[in-house]
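Student: Listed in order, the protein sequences are those of chains P and V. Counting from 1, one number per residue, gives the positions in the first sequence under the working numbering. Counting from 1, one number per residue, gives the positions in the second sequence under the working numbering.
Mixed in with the good hints, there may be bad ones.
Said to hold, decoys possible - Sample of chain V residues facing chain P (criterion: CB under 10 Å; computed from the structure):
| hint | residue |
| --- | --- |
| 1 | S33 |
| 2 | G257 |
| 3 | S260 |
Treat the hints as calculated values from the structure; they're not laboratory data. Owing to the predicted nature of the structure, the values given are computational and were not obtained by experimental measurement. Ideal placement from N, C-alpha and C gives every residue a C-beta, glycine not left out.
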Amino acid sequence: MRKLRLHPCGNFREFYTQELTVFSTDFGRLWSAVGLMILFTAVPWLASPYMLYVINMVGIAAIAAMGLNILIGFTGQISLGHGAFLGVGAYAAAILASRFHIPFFATIPLAGLITAMVGMVFGIPSGRLKGLYLTIATLAGQFIIEYLLIHWETLTKGTAGITLPPTMLLTFSLQGDLGFYYLIFITLIGMGWIAINLTRTRYGRAFIAIRDNDRAAEGMGIPIFRYKLLSFGISSFYAGCAGALWASYMGSITVEPFNLALSVEYIAMVIIGGLGSIAGSIYGAIFITLLNEALRFMTGLLMNSGMVAASGLNMAPLREFVFGLAIVMFILVEPRGLAELWRIIRSSFRLWPFSY
Amino acid sequence: MDFFIQLLVGGISVGFLYGLSAMGFVMIFKSSSVLNFAHGELLAIGAYFFLAFIVWAKLPFLLAFLFALLGCFLLGILIERIFLRPLIGEPLIFVIMLTVGLAAMFKGIILFTWGGNLHTYPSFLPEALSVNWGVVRIPPVYSATLAIGVLFLLLFGLFFKFSSQGIYMRSVADNQRAALSLGVHVKRVFALSWAIAALVAGMSGMVLGIINGVNVHDLSAIGLKVFPVVILGGLDSIGGAIIGGIIIGLLETFTGGYLSPSLRDVVPYIILVLILLLKPYGLFGLKEIERV
Numbered sequence: 001m002r003k004l005r006l007h008p009c010g011n012f013r014e015f016y017t018q019e020l021t022v023f024s025t026d027f028g029r030l031w032s033a034v035g036l037m038i039l040f041t042a043v044p045w046l047a048s049p050y051m052l053y054v055i056n057m058v059g060i061a062a063i064a065a066m067g068l069n070i071l072i073g074f075t076g077q078i079s080l081g082h083g084a085f086l087g088v089g090a091y092a093a094a095i096l097a098s099r100f101h102i103p104f105f106a107t108i109p110l111a112g113l114i115t116a117m118v119g120m121v122f123g124i125p126s127g128r129l130k131g132l133y134l135t136i137a138t139l140a141g142q143f144i145i146e147y148l149l150i151h152w153e154t155l156t157k158g159t160a161g162i163t164l165p166p167t168m169l170l171t172f173s174l175q176g177d178l179g180f181y182y183l184i185f186i187t188l189i190g191m192g193w194i195a196i197n198l199t200r201t202r203y204g205r206a207f208i209a210i211r212d213n214d215r216a217a218e219g220m221g222i223p224i225f226r227y228k229l230l231s232f233g234i235s236s237f238y239a240g241c242a243g244a245l246w247a248s249y250m251g252s253i254t255v256e257p258f259n260l261a262l263s264v265e266y267i268a269m270v271i272i273g274g275l276g277s278i279a280g281s282i283y284g285a286i287f288i289t290l291l292n293e294a295l296r297f298m299t300g301l302l303m304n305s306g307m308v309a310a311s312g313l314n315m316a317p318l319r320e321f322v323f324g325l326a327i328v329m330f331i332l333v334e335p336r337g338l339a340e341l342w343r344i345i346r347s348s349f350r351l352w353p354f355s356y
Numbered sequence: 001m002d003f004f005i006q007l008l009v010g011g012i013s014v015g016f017l018y019g020l021s022a023m024g025f026v027m028i029f030k031s032s033s034v035l036n037f038a039h040g041e042l043l044a045i046g047a048y049f050f051l052a053f054i055v056w057a058k059l060p061f062l063l064a065f066l067f068a069l070l071g072c073f074l075l076g077i078l079i080e081r082i083f084l085r086p087l088i089g090e091p092l093i094f095v096i097m098l099t100v101g102l103a104a105m106f107k108g109i110i111l112f113t114w115g116g117n118l119h120t121y122p123s124f125l126p127e128a129l130s131v132n133w134g135v136v137r138i139p140p141v142y143s144a145t146l147a148i149g150v151l152f153l154l155l156f157g158l159f160f161k162f163s164s165q166g167i168y169m170r171s172v173a174d175n176q177r178a179a180l181s182l183g184v185h186v187k188r189v190f191a192l193s194w195a196i197a198a199l200v201a202g203m204s205g206m207v208l209g210i211i212n213g214v215n216v217h218d219l220s221a222i223g224l225k226v227f228p229v230v231i232l233g234g235l236d237s238i239g240g241a242i243i244g245g246i247i248i249g250l251l252e253t254f255t256g257g258y259l260s261p262s263l264r265d266v267v268p269y270i271i272l273v274l275i276l277l278l279k280p281y282g283l284f285g286l287k288e289i290e291r292v
């Protein structure tokens, strides 16, 4: 067995391969394994059904947020259409399952592929536009997709929505929170593994080069347009899979949730979690989902408590306010997000008592 | 033919409102290149200030108008000072997301204070302002709007052309570093441009409120309609914003009238994508966009 790598007392990296390792120490490997064990054994038995529902929503959000982070954090293309792509994935899965009777295990990757194609179509403007012009183009994409989802009635049944047939995984039926818990988190870990390793390949490095300086990247022989499209495709694939999981988990879908507010929520996850950090996307998804649930709970509590209800104040707008405040405070105070905070906490423990 | 003329007049008046709402947006972009997603909320805040002064404080119309403008002006300075100044030189996404966060905050505050219902102002415009010309009937609000819009356009045209502050603002918009080295107080210019932009946005919000009633959801939706308008007119052209607004307004009413009412809301965005692909700097914008 090779020598265990523990915390070095400085930066002694000699090769790029050392710089690129996923786990810099074997502690990280150990703790990840322990974390996964707890995730798959203890958590589902300890959590109440409501908790399990929240955890599942966190998982779905994390998959979509990872995709958006590949686009925004690694390639530097700001997209305001991620919520709509999620909708495309959800509708693709619903239509495939209910109309074409495609078996369930195939609908999720197929929905991802369909969404990837749609995403690449809406990524075409990135060939000519960058920065805020591209952002506005994706904003238009959001509205156009939303319009199509509502008004292409022969395909999407319009505002009535689609009810999915019960999900069958091979022979046994997959229903309830627990079954989906395993499905969502196995997907999440698989896609997270792909995302982390993607950033270490030539594709990931090309994305980062485009983000940091597109002209220099082009000068070094990276075909920018193709890589940007690829990035849009990969990011939409993640969104599509998340949307498909969402649709099958919920059992029925309408256009309602896939609006601009959802796109904004995903960008908030990516920023609050940490731009350019795959683990950060998961932290961001946890933060935003829990914030949403906590605010819903709080406003419900406030509305029902005697004093506030008597005063006639409407507490629901408070949610919107706190959500905006969280985004603003993170941007002003810690723009690199929770991933950076976590790194600071970790390194201050590591360097204690000489943490300067 | 009557239907056509009605649509034409309706389109121009709606479009003029879009143009008017876009003016403040263009001003912010022109001087600090910030893409303001909170613009709709700024419109709403102006309208609600006016509402508060005229309905709650029962001030006379003109005084309420001036106070509301003053409130917007101060709010603009505050926004720049607290939220945007720390972000000078930060990447684009932080600035965009900051304005998105601000939008959510403002919306929350407005909903908390005034609720989501439709409010209306007491009517105060004299009937004499209305125009009757054959089939064309223009209600007094629209002629007043036209007057206010043209007045503000002229005022700001003159301000940017001749006043020293206006020239500073243009110099900062043109080249921040050069302006800084020539002794322009860039931070003050940013503050001033946010203040003026908030003032213009507030004014547009009041006008929209007079015409359609005050409702935060409608006004923030108009804040998003601003994007096609400014892209069409050119992101940094104030006159272009008005013309872009009129074109978008006409397109909307004609698609609504002749094709299908549901297509009406999405047409501006389809145009937006086409314009971005064909002529990204808009009809009147400077051709300085970077291509890759």
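Student: Could you work out which of the previously given hints the structure breaks and list their numbers from low to high?
Tutor: Of the numbered hints given earlier, the structure breaks just one, which is hint 2.
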